[in-house]
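Same order as they appear, the protein sequences are chains R and W. Note that the first sequence covers residues 1 to 426 in the numbering used here. Note that the second sequence covers residues 1001 to 1249 in the numbering used here.
There could be a bad hint or two in this list.
Some chain W residues flagged as far from chain R (calculated, every beta-carbon gap over 12 Å) [claimed, not checked]:
| id | residue |
| --- | --- |
| 1 | 1047 |
| 2 | 1100 |
| 3 | 1112 |
| 4 | 1120 |
| 5 | 1158 |
| 6 | 1208 |
| 7 | 1234 |
Capping the alpha-carbon separation at 25 Å, the derived lysine to any residue pairs in SDA-like fashion look like this [said to hold, decoys possible]:
| id | chain 1 | residue 1 | chain 2 | residue 2 |
| --- | --- | --- | --- | --- |
| 8 | R | 418 | W | 1038 |
| 9 | R | 418 | W | 1100 |
| 10 | R | 416 | W | 1036 |
| 11 | W | 1198 | W | 1208 |
A few chain R residues facing chain W, derived, Cβ under 10 Å [unchecked claim]:
| id | residue |
| --- | --- |
| 12 | 8 |
| 13 | 13 |
| 14 | 20 |
| 15 | 291 |
| 16 | 293 |
| 17 | 326 |
| 18 | 330 |
Simulated from the structure, these hints should not be mistaken for lab results. Here a beta-carbon is modelled for each residue, glycine too, at the ideal position from N, C-alpha and C.
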Amino acid sequence: MRSSDVLGYSFSAIRLRKMRAGLTILGVMIGIAAIVALMSFTAGLQVTMTNQFEEGFGSDTLTVSSGGGIFDLLGGGGADSDFSLLLNDTDMINAIDHVESSVAVMTKTVQANFSGNIVPGSLSGINFTAYAAMYNTFVAEYGSIPESPVDTDVILGSAIADPWQNGTIVAEVGDEVSIVWTGRVNGSIVQTNYTGNVVAILEEIGGFGIGPLDIGFYIPIDWAVDFFETEEISSITVKMDTEEQDEVDALIAEIEDMFGGLVSVTQPAALLSMMDDMLGILNIFLAGIAGISLIVAGVGIMNIMIVSLIERTREIGILKGMGMHGRTVMGIFLSEAMMIGLLGGIFGIITGVVLGNLIGGVVGDLGSSGIIPAGGPSSIPDITPIFTLDLLTFAIVFGVGIAAIFGLYPAWRASKLKPVDALRSE
Amino acid sequence: MHYEEPSLTATLEYTMTPEDFIPKVIEIKNLTKTYMMGQVPVEALCGVSLSVHKGDFIAVLGPSGSGKSTLLNMIGALDRPTSGTVIVNGTDISTLSDNQLADLRQSVGFVYQTFNLISRLDAIGNVELPLSIAGVPKKKRRFTAEVMLKIVGLEDRIHHKPSELSGGERQRVAVARALVNNPSFIIMDEPTGNLDTKTGLEIMEFAKKLNKEQGITLIIVTHDTEIGSQARRTIRLRDGQIESDEVNY
Chain R
1 MRSSDVLGYS
11 FSAIRLRKMR
21 AGLTILGVMI
31 GIAAIVALMS
41 FTAGLQVTMT
51 NQFEEGFGSD
61 TLTVSSGGGI
71 FDLLGGGGAD
81 SDFSLLLNDT
91 DMINAIDHVE
101 SSVAVMTKTV
111 QANFSGNIVP
121 GSLSGINFTA
131 YAAMYNTFVA
141 EYGSIPESPV
151 DTDVILGSAI
161 ADPWQNGTIV
171 AEVGDEVSIV
181 WTGRVNGSIV
191 QTNYTGNVVA
201 ILEEIGGFGI
211 GPLDIGFYIP
221 IDWAVDFFET
231 EEISSITVKM
241 DTEEQDEVDA
251 LIAEIEDMFG
261 GLVSVTQPAA
271 LLSMMDDMLG
281 ILNIFLAGIA
291 GISLIVAGVG
301 IMNIMIVSLI
311 ERTREIGILK
321 GMGMHGRTVM
331 GIFLSEAMMI
341 GLLGGIFGII
351 TGVVLGNLIG
361 GVVGDLGSSG
371 IIPAGGPSSI
381 PDITPIFTLD
391 LLTFAIVFGV
401 GIAAIFGLYP
411 AWRASKLKPV
421 DALRSE
Chain W
1001 MHYEEPSLTA
1011 TLEYTMTPED
1021 FIPKVIEIKN
1031 LTKTYMMGQV
1041 PVEALCGVSL
1051 SVHKGDFIAV
1061 LGPSGSGKST
1071 LLNMIGALDR
1081 PTSGTVIVNG
1091 TDISTLSDNQ
1101 LADLRQSVGF
1111 VYQTFNLISR
1121 LDAIGNVELP
1131 LSIAGVPKKK
1141 RRFTAEVMLK
1151 IVGLEDRIHH
1161 KPSELSGGER
1171 QRVAVARALV
1181 NNPSFIIMDE
1191 PTGNLDTKTG
1201 LEIMEFAKKL
1211 NKEQGITLII
1221 VTHDTEIGSQ
1231 ARRTIRLRDG
1241 QIESDEVNY
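Chain W on its own, in the form it takes in the complex:
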């Protein structure tokens, strides 16, 4: 029986794309998440599969109830899937204990719509917090936090409490806090939702700059198509499934 061995070159040409050479930070396969609303099961995500590569700038779009936040919770290791796999930085989160999940979250940056700053801490205290949780010594974390606040343009507001800052400034503190731990990716959940248009655009410009110049992987969840169009890749969710996954040129 004659067996013809395929040439290596032909195989590579057939299967590999340029993206395959860039490491994946997130890989999701057949993800489902079912919540119980009282006695009624509700499928928030059903069979979602996607990959995020290092340096990606992704916008996840979709109407309310489409499963955006649920997807974000899975990617951010805040919750476990009902079935399927979510691999973050090479680790399947469904196999991790609560403490291991917490450790994994230390390598993820979160920016929330409502800023979620600790009101009694000043700007630098908030930015220091992820480093403090990671056990970084005080002197080092203070220095790093100051640098981050400088990067977001708040070097003269470091001792102001959140109540003494404008919405845009608070969101910049939140961005500095998300960046301070040198995360492998940043998740932004409606980051402009609580800001006026001009400040929202400023934040988006800053996010784009971070992605372009620092190569930071960004996943922005929004229902605003205009914001979404600024990302390089747009994933549209509807009824817990991916409706489209497009690259914006």
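Next up, chain R with everything else stripped away, as it sits in the complex:
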């Protein structure tokens, strides 16, 4: 029997039991759609996060922090919480080999009042010029970053000026801003007001990173020392003149030794690689969950193929009675299963593409629609799912492969039926 006739015969059998075949195809479709949607989304997420991190950190920087912060979780650790970095610690760091420059960052959570609009955010005291040299995302969209700032100069992140990112501007260059900080100074709770003028609004940066943030206020570091009445800083960002890992490792060790092991030194590149690994594991984990649903669909295929075998025993007898070979019978049953897998795969990919975009859109909307407003942990950029040809091919091959594997046993049983016994069945 010709292959085209085998396929035609198989297809006629599928068409006869539309509802049953349709439900089985649906099972495969759900599995494939889940794989395509999740894998494309995590691939998109990985790319977005990598870009954001690269922009946010710069690959030639190190971050020295006293408390450890998020780095405690990601591999820093070991820092004593009573220890604090001081403003002039940068001088010591600058003296080390391979350190090009360093910037002290003093960060506090504050609220700003723009003519009655209260916007929460993260205030950082920095050296504007040095910070701009370190991060290429510290660029003004409106106004300009002053080279010699006066004490009242304030630079705003884009999400502070436009908190809901819907065109509702709460602050423009030239506006006066009143910043309120509530904190503890020398053991007593104080509330301090700072009034400044907006001199620049940064370009939109996107989500991640420890560098410039969309939800950040930036004031000159000297003014921050006065405002918060402390020389204790949150972190020091170090710009290196090398990217050689051996030299970077030596530099990290030297900084840690310098502070007696009481600081965490984080290398963004290492963090990035760790994040990549974590996302890779997440990707495999999600694909595994989706794969399980596909295996369940495979069991469904096996189930209907066995039912079909039982129902069509006599038909197999008739075909064998007319001289059909066992391997052709096997081909008919296998191609039926594989057609179900293929159709499920095609519909699954279509659904997966729609679903992937939907998830990407929903996650992006969380950041841009104000569901997570400025002042939240970070703004979330749009995540575009990535549908590679490899992914789509994998989805189809996996769908058809699962169908073939689970269709093999019923097909084999059908091929081994004796015509005389099959013809006798009711």
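Guided by the hints, dock chain W onto chain R, whose structure is given.
Then chain W, alone, in the frame of chain R:
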């Protein structure tokens, strides 16, 4: 020592019959078939021997359980004997593999009591099926199938599914399907069993016509003596053995 050589003429006169000049399509010798019913062996056929010549029209008669269907399965290469030989078209089926048996079945036409048509295929689809199995290209098999349906008088029903045909029409589709591969013989297993008397007679008339005009070898298995009497040769089976093998004049 004197040895007298027999004359060739005398030998021929003594051993040859007119039938010996007609090729045999089936030759069965000492055929036995034993089934296991659980742990108990049941002999369905014991020591059956017979020959079928090209153009024969044979009725195999016998009560239920006499071994008719078992004999038919052997002749049709659907099953293998326990012992003895079954030679179909010059090939001993007991020596063949499953695939070779399948190939042999492509040269045998079957007509069953329950028609055994594929319900989802229309009349022409059913008739095309043996050609499709044999790997005949679509265009050619469609043409051949149309001719066959015309021969059985169903040229205006070719796109009807079995459920849309009467019993007689279904059996005629089955006959067309059995004929389409140009088989060396056709086996009909109770072909009138599911038909009313009039339609049954029509089918028998058609079968006789095929045998008479086309010279097609027919083996009809039936328990109906009236049907059996229409064949030119009647073989009666009882308890797995041939009770009688008569030519009807």
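Hints and how they fare:
no.: 1; hint: 1047; in the structure: holds (21 Å)
no.: 2; hint: 1100; in the structure: violated (10 Å)
no.: 3; hint: 1112; in the structure: violated (8 Å)
no.: 4; hint: 1120; in the structure: violated (5 Å)
no.: 5; hint: 1158; in the structure: holds (17 Å)
no.: 6; hint: 1208; in the structure: holds (24 Å)
no.: 7; hint: 1234; in the structure: holds (25 Å)
no.: 8; hint: R/418 x W/1038; in the structure: holds (18 Å)
no.: 9; hint: R/418 x W/1100; in the structure: holds (14 Å)
no.: 10; hint: R/416 x W/1036; in the structure: holds (19 Å)
no.: 11; hint: W/1198 x W/1208; in the structure: holds (15 Å)
no.: 12; hint: 8; in the structure: holds (9 Å)
no.: 13; hint: 13; in the structure: holds (7 Å)
no.: 14; hint: 20; in the structure: violated (14 Å)
no.: 15; hint: 291; in the structure: violated (34 Å)
no.: 16; hint: 293; in the structure: violated (31 Å)
no.: 17; hint: 326; in the structure: holds (6 Å)
no.: 18; hint: 330; in the structure: violated (12 Å)
Against the hints set out earlier in the document, violations occur for numbers 2, 3, 4, 14, 15, 16 and 18.
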